[in-house]
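Taking the numbering used here, the leading residue of the sequence shown gets 68, the next gets one more, and so forth.
Errors might be hidden in some of the hints.
[Said to hold, decoys possible] Here are the computed distance ranges between Cβ atoms for each label pair:
| # | residue 1 | residue 2 | range |
| --- | --- | --- | --- |
| 1 | D326 | R184 | 43 to 53 Å |
| 2 | D130 | P324 | 16 to 26 Å |
| 3 | E269 | K412 | 20 to 30 Å |
| 4 | K224 | K389 | 42 to 52 Å |
| 5 | G196 | D262 | 22 to 32 Å |
| 6 | P138 | K224 | 34 to 44 Å |
| 7 | R393 | N442 | 13 to 23 Å |
| 8 | E352 | A471 | 36 to 46 Å |
| 9 | A368 | S453 | 43 to 53 Å |
| 10 | A471 | G204 | 34 to 44 Å |
| 11 | R276 | E354 | 32 to 42 Å |
| 12 | A162 | S118 | 13 to 23 Å |
Since the hints were made in silico from the structure, they are not lab data.
Beta carbons are placed, not taken as given, at the ideal position from N, Cα and C, and that holds for glycine.
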Amino acid sequence: MSLASAPVVGATFFMEARMKRILGLAFLLCSAAQAQDHPLTLDTHVDIPLSYMQDPKFDAGQDGVLKVDLPKMRRGGLDAAFFVIYVEQGPLTRAGYAKAVAQAKRKYDAIDLMVQRYPEQISLARTPGDVRANKTGGRLSAMIGIENAYSLGHDLKRLDAAYARGARYVGLVHVGNNDLCGSSLPRKGLGDAPDSNLGLSEFGRTVVRRANALGMMVDVSHASDACVRDVLALSRAPIIASHSSSRAMTDHPRNLPDDLLAAIAAKGGVVQAVAYKEFLKKDPEREAAEKALQARVAKAAGDKDYDSEKHDYLPAYVEGMKTIQREHPLATLDDFLDHIEHMVKVAGIDHVGIASDFDGGGEITGWMDASQTRNVTAGLKRRGFSDDDVAKLWSGNLLRVWAADEAASTQQNPMPVGQRREAWIDTHLDGYG
Numbered sequence: 068m069s070l071a072s073a074p075v076v077g078a079t080f081f082m083e084a085r086m087k088r089i090l091g092l093a094f095l096l097c098s099a100a101q102a103q104d105h106p107l108t109l110d111t112h113v114d115i116p117l118s119y120m121q122d123p124k125f126d127a128g129q130d131g132v133l134k135v136d137l138p139k140m141r142r143g144g145l146d147a148a149f150f151v152i153y154v155e156q157g158p159l160t161r162a163g164y165a166k167a168v169a170q171a172k173r174k175y176d177a178i179d180l181m182v183q184r185y186p187e188q189i190s191l192a193r194t195p196g197d198v199r200a201n202k203t204g205g206r207l208s209a210m211i212g213i214e215n216a217y218s219l220g221h222d223l224k225r226l227d228a229a230y231a232r233g234a235r236y237v238g239l240v241h242v243g244n245n246d247l248c249g250s251s252l253p254r255k256g257l258g259d260a261p262d263s264n265l266g267l268s269e270f271g272r273t274v275v276r277r278a279n280a281l282g283m284m285v286d287v288s289h290a291s292d293a294c295v296r297d298v299l300a301l302s303r304a305p306i307i308a309s310h311s312s313s314r315a316m317t318d319h320p321r322n323l324p325d326d327l328l329a330a331i332a333a334k335g336g337v338v339q340a341v342a343y344k345e346f347l348k349k350d351p352e353r354e355a356a357e358k359a360l361q362a363r364v365a366k367a368a369g370d371k372d373y374d375s376e377k378h379d380y381l382p383a384y385v386e387g388m389k390t391i392q393r394e395h396p397l398a399t400l401d402d403f404l405d406h407i408e409h410m411v412k413v414a415g416i417d418h419v420g421i422a423s424d425f426d427g428g429g430e431i432t433g434w435m436d437a438s439q440t441r442n443v444t445a446g447l448k449r450r451g452f453s454d455d456d457v458a459k460l461w462s463g464n465l466l467r468v469w470a471a472d473e474a475a476s477t478q479q480n481p482m483p484v485g486q487r488r489e490a491w492i493d494t495h496l497d498g499y500g
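All chains, full assembly: derive it from the sequences and hints.
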């Protein structure tokens, strides 16, 4: 670069930086003006890929392949989302735990990078008050949840580390039994008995107790019925199911039966109905077609089993799913609303919420991604839900449970402020720092 060109380059850089600030301020002003146009909308379950914020196509600031990114949240009026630290269930071995811990760390780092890269648009919310303040100020909220506590690596200290990094709910299990409890979907490939229905292990009990002490919500989505009952009996604080629908409406083991819906409500908790096709409408032919596609994609990639982290965005899978969509229509927004109505009848309006499972398989006709979030609000109002009811379903109930869990915490001020807060975080980051 010549010296003569340096002032031009410097001026260009200055103009770009200034334009970014102007656009950021414009976003805040626009968002603040629209803040009262819709209830505070909070999605309790959004997945992120392993290369989130690293691969350019997974940059949350771009309107790209992700079902939840900042442009889609703005367009659809989605104010807040729990981005989940998901790891696939693997062997209960030192190597298996180490891999899970490493993958979890990558996702914590990615969420941090998102809020650092786009501070004018989105902030990490660690408390219900943070979520409300962000809404008032025109910023989006990112929260963190754990999906499959296998990522703790069988080490209770990592639950404190997760809390330090911002995790505010802990989902105990995923597909396949783990070291904490039984899964609603045991995996033969992991050596699980098909109908094992295991409850909490001793380590699982320790995790529930520690979550209560921290003020972290315990999430029973994906857990076996026996595990849900054990958590209800043990937890001193209300619990959540971050993404589960009604088994009475659709007989799927991932959904919750009416007695457990009522039991979670009786202890003050909340169940978040999920917009996931198979949990809303049974379609055996579609499920078989998806499994066959996954097997073909995995084989072509040289892998024994399908891995959503590795294969979901491969062209062969994406194009194959488009064909399946044409031949086997998705569940619809009306199917989703049917589940919500039933769950409200069973559990009460104060104990039901909303989740998408976007970027983890969730999508229905009418709510295909975050840009269509207002369709859900409009659909609820068409069904006769009042504005107050809609506000409860979207965020009020979940925020109430979150606050109740904080209040029930036995650890005084687990997240200090100022320098004490930074020192606390530094001493609690073992494995995720």
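Now for the hints, and whether the structure bears them out:
{"no.": "1", "hint": "D326 x R184: 43 to 53 Å", "verdict": "holds (45 Å)"}
{"no.": "2", "hint": "D130 x P324: 16 to 26 Å", "verdict": "violated (40 Å)"}
{"no.": "3", "hint": "E269 x K412: 20 to 30 Å", "verdict": "violated (37 Å)"}
{"no.": "4", "hint": "K224 x K389: 42 to 52 Å", "verdict": "holds (45 Å)"}
{"no.": "5", "hint": "G196 x D262: 22 to 32 Å", "verdict": "violated (44 Å)"}
{"no.": "6", "hint": "P138 x K224: 34 to 44 Å", "verdict": "holds (38 Å)"}
{"no.": "7", "hint": "R393 x N442: 13 to 23 Å", "verdict": "holds (21 Å)"}
{"no.": "8", "hint": "E352 x A471: 36 to 46 Å", "verdict": "holds (43 Å)"}
{"no.": "9", "hint": "A368 x S453: 43 to 53 Å", "verdict": "holds (50 Å)"}
{"no.": "10", "hint": "A471 x G204: 34 to 44 Å", "verdict": "violated (25 Å)"}
{"no.": "11", "hint": "R276 x E354: 32 to 42 Å", "verdict": "holds (38 Å)"}
{"no.": "12", "hint": "A162 x S118: 13 to 23 Å", "verdict": "holds (22 Å)"}
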